[in-house]
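One line per chain: the protein sequences are A and B, in this order.
Numbering-wise (numbering that gives the first Met the number 0), the first sequence opens with residue 0 and increments by one.
Numbering-wise (numbering that gives the first Met the number 0), the second sequence opens with residue 0 and increments by one.
If you are wondering where the hints come from, they were derived from the structure by calculation, not from laboratory data.
Warning: the hint list may mix true and false statements.
Label-pair ranges, simulated between beta-carbon atoms [stated by the list, open to error]: (1) B/A70 with A/L17: 19 to 27 Å; (2) A/Q31 with B/K64: 27 to 35 Å; (3) B/G778 with A/T122: 39 to 47 Å; (4) A/E125 with B/D66: 54 to 62 Å; (5) A/Q31 with B/T720: 20 to 28 Å; (6) A/Q31 with B/I225: 39 to 47 Å; (7) B/P92 with A/L17: 42 to 50 Å; (8) B/R28 with A/Q31: 42 to 50 Å; (9) A/Q155 with B/P72: 30 to 38 Å; (10) B/T509 with A/L17: 33 to 41 Å.
Now the stretches of chain A that chain B is said to cover, found in silico as 3 or more residues with beta-carbon under 8 Å [what the hints assert, rightly or not]: (11) 71-82; (12) 102-109.
Where a beta carbon is used, it is the ideal one built from N, C-alpha and C, also for glycine.
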Amino acid sequence: MAKQIVKMTLNGQQVEQLVDSRTLLVHFLREQMNLTGAHIGCETSQCGACTVDIDGESVKACTHLAVQCDGSDVKTVEGLAENGVLHPVQEAFYEEHGLQCGYCTPGMLMRSYRFLQENPNPTEDEIRTGISGNLCRCTGYQNIIKAVQSAATKLQDKETASA
Amino acid sequence: MNAPVKTPEERQAELQGMGDSRLRKEDARFIQGKGQYCDDIKLPGMLHMDIVRSPIAHGRIKNIKKDDALAIPGVHAVLTADDLKPLNLHWMPTLAGDVAAVLADEKVHFQMQEVAIVIADDRYIAADGVEAVEVEYEELPVVMDPYAALEADAPVLREDLAGKNEGAHGPREHHNHIFTWEAGDKSAADDVFASAPVTVSQHMLYPRVHPCPLETCGCVASFDPIKGELTTWMTSQAPHVVRTVVSMLSGVPESKVRIISPDIGGGFGNKVGVYPGYVCAIVSSIVLGKPVKWSEDRIENISSTAFARDYHMDGHLAATEDGKILGLKVDVVADHGAFDACADPTKFPAGLFHICSGSYDISAAHCSVKGVYTNKAPGGVAYRCSFRVTEAVYLIERMVDVLAQKLDIDKAEIRRKNLIRKDQFPYTSPFGFEYDSGDYHTALEKVLDAVDYKALRAEQQEKRNDPNSPTLMGIGLVTFTEVVGAGPTKMCDILGVGMFDSCEIRIHPTGSAIARMGTITQGQGHQTTYAQIIASELGIPSEVIQIEEGDTSTAPYGLGTYGSRSTPVAGAAIAMAARKIHAKAKKIAAHLLEVSESDLDWEIDRFKVRGNEDQFKTMADIAFAAYQQPPEGLEPGLEAVHYYDPPNFTYPFGIYLCVVDIDKGTGESSIRRFYALDDCGTRINPMIIDGQIHGGLTEGFAVAMGQQMPFDEQGNLLGNTLMDYFLPTAVETPAWETDYTVTPSPHHPIGAKGVAESPHVGSIPTFTSAVVDAFAHLGVSHIDMPHTSYRIWKKLKEEGVQL
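Kindly produce the complete structure, drawing on both the sequences and the hints.
This is the structure in structure tokens:
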């Protein structure tokens with residue numbers, strides 16, 4: 000199988016790796032880079048458990064080749080907290096009981112992280128649509144929505160404080 | 000300087016005990032991507048297994064050609080039933096007393112059945128190997144309908160059972176018949192029906208659905224040939240039972256088998272059974288002497304692992320003209336698929352379906368369930384419910400609505416008339432269940448008041464009168480009772496092992512604690528809530544209590560987590576183990592304080608000398624003393640184990656109301672309101688209860704409004720990916736309103752009944768009740784699920800509804 004060098008920024012670190020050209024990004028992250036936060040739930044881009052952030056967009060890593068990320072800036076759930084301080088979306092999911100089995104959580108968090116940059120002050124309906132590419136079987140979404148609302152407030156407060 | 004003295008309220012709050020909406024202990028790892036699920040496990044030298052599956056639903060295997068697969072660099076082995084035969088592992092026992100093929104032995108019985116396995120260096124090469132295995136089949140006639148399966152000339156599906164006229168649950172009347180199981184009193188019921196002024200009947204199909212947790216099934220099997228020890232990480236809701244089964248199958252002594260259920264990405268019943276994939280990975284590891292991982296993909300999960308329901312039900316009610324129910328009769332044809340692999344307590348091939356008299360005081364009842372083989376995947380698990388209770392609740396709630404409609408009585412009124420009254424508890428049902436406690440009428444009125452039921456009915460009438468209304472409005476109402484917490488060992492066992500559960504608590508010298516349990520959390524939050532029970536019982540802060548589950552080498556034997564049994568059974572085991580510790584702690588406190596035990600009072604976290612407030616010993620003081628120099632006659636240490644055999648099931652109940660608006664033109668439905676009142680007895684963590692209810696309601700919504708496993712006549716499953724199988728997104732999912740009453744269980748040590756499955760069980764008939772109610776003025780009294788827009792649109796056309 001043809002192998003190829005892939006260079007990318009992964010959670011702020013430069014990485015250079017030799018990968019099979021057919022390796023999916025989610026397998027590259029989980030098996031080669033030992034970042035097992037992104038999960039596999041469907042292999043058809045429906046469930047979003049594998050959602051990561053690539054160059055400022057939410058991407059489902061189960062249907063994206065690792066080689067497509069050459070030169071990209073990739074962020075996974077493991078890169079959300081900075082210097083041991085949780086990101087506001089992480090805090091909010093914890094405080095609002097926005098997770099149960101935890102399997103969808105990394106994807107939900109990465110989608111929420113990106114969504115709140117796209118729409119910093121969303122309505123409930125906008126949140127429902129904004130996270131509709133990510134499935135959760137446990138929570139019924141109600142507390143996830145509360146968590147995203149709470150994270151939006153936290154992010155706005157942070158911005159006000161730093162302004 | 001002395002620390003400030005804390006008030007009792009402050010000390011109580013610090014415990015975060017029962018009743019506290021304590022945030023979850025498990026979340027820190029999950030929100031940082033540090034959960035450890037089965038597929039996250041990576042061992043040195045680990046190989047990967049993938050499965051060759053049958054493309055057809057029924058056929059004879061003529062030939063399997065492995066050569067091309069074996070020629071692929073990185074493929075280590077290709078195994079078929081012929082390779083497993085010398086080990087006697089090509090078939091395995093099921094939980095229901097049948098056998099199931101591990102790898103298809105000469106015949107395939109359903110599409111996607113396991114035919115061969117490929118073990119390779121990585122998952123990509125294993126998948127290449129699967130592609131390269133060539134299997135030649137001779138197709139046989141396919142039977143997908145359970146009624147057709149019972150016709151005299153129906154094809155014989157299970158040739159391996161030829162001549163076996165006696166099954167695990169009685170005589171087999173036909174080559175595709177598995178069992179007929181009955182409960183209740185047939186002649187009493189027949190008598191009531193013969194003389195009743197009113198009878199109603201309704202046929203209904205509870206379609207085949209799949210629990211579909213977000214994480215599929217998988218395992219990592221690692222056999223150490225030198226030590227002769229087998230360790231397997233597995234997506235299992237019942238690791239101890241799996242250990243027993245694996246030991247029986249493999250011949251490895253149970254003491255050398257270690258099953259670990261790591262973090263589990265949802266179970267919902269799907270992860271109770273022992274699947275061929277697990278067995279094959281274990282065999283591969285033993286044969287090859289290397290760790291072997293198997294990770295199922297989504298298509299495999301939906302197509303081949305345990306489904307739920309598939310009950311074809313005929314319900315009959317007998318009543319007086321003013322709506323008092325006199326009798327109930329139910330006949331079910333149950334499609335079990337190719338092997339009887341239902342996960343039920345041994346004595347109950349239809350689970351606890353005989354809870355089907357529901358919340359109603361009915362004097363005579365009878366039910367009969369006939370299990371049948373077809374060319375579908377095996378299973379029949381409790382999808383977020385106690386065994387077959389969802390089917391039972393659906394049946395009775397539909398029947399009560401059908402009767403109400405026939406008699407033109409409001410569905411709230413007919414329930415008021417028939418609900419078991421508070422003063423009738425403990426209530427013995429016509430099927431012999433002893434309902435522990437309930438206050439149904441209070442709960443019903445609370446819900447009707449909360450939603451202003453009269454106003455809703457008035458609005459509905461207005462809409463019915465208005466030909467220009469763009470929508471039909473339906474109101475669903477359900478008053479359900481579940482039976483959970485299986486169960487008393489005199490009635491309930493799995494493979495002969497009684498359905499007790501267990502807890503072992505150790506208090507360390509410095510006053511922190513660890514508790515190990517026979518259950519396993521899959522999102523329910525056990526690591527949070529179990530600690531709260533101990534905190535309240537022993538006065539140790541939840542924060543310093545570690546809960547461990549899922550590792551059979553460290554946890555006491557337990558039957559696992561399914562059927563809402565964790566709180567009713569294991570939760571009781573915790574309280575009882577804690578009380579043993581409490582009793583010993585009291586002796587130590589008396590010794591330390593130089594008083595007799597009868598002079599001591601317990602307060603929050605300490606024993607106090609009665610009448611002398613300043614003389615006390617906290618549980619932390621006592622813990623240290625237990626390891627220092629215990630009083631004469633007491634062993635050192637402070638720990639206890641309890642195996643809890645429940646005296647009875649628990650009977651949580653709920654009152655659910657749903658308002659649906661249906662677009663007359665498109666058939667699209669919109670859940671305007673869903674009000675769920677649950678009574679689960681004592682509430683341990685209200686935040687977690689609400690979360691469980693939201694989740695259960697959403698799963699119920701999925702089942703009622705969209706989930707189905709459609710097959711064509713050739714046995715092809717037409718929807719086995721998440722592109723087709725309905726898992727609601729945040730857009731479709733309604734907003735939920737929750738409420739509660741508290742009627743503790745009198746026989747449970749802390750009065751708790753279990754909650755996580757009630758919302759699934761109770762909500763499904765509520766949605767159907769609402770959708771049917773929208774059509775009720777047109778004389779429609781039942782519509783089968785799922786209530787998709789297309790099916791509702793067809794109904795609108797059938798009924799001549801004009802926009």
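For this session: Of all the hints given earlier, name the ones this structure violates by number, lowest first.
Result: 6, 8, 9, 10
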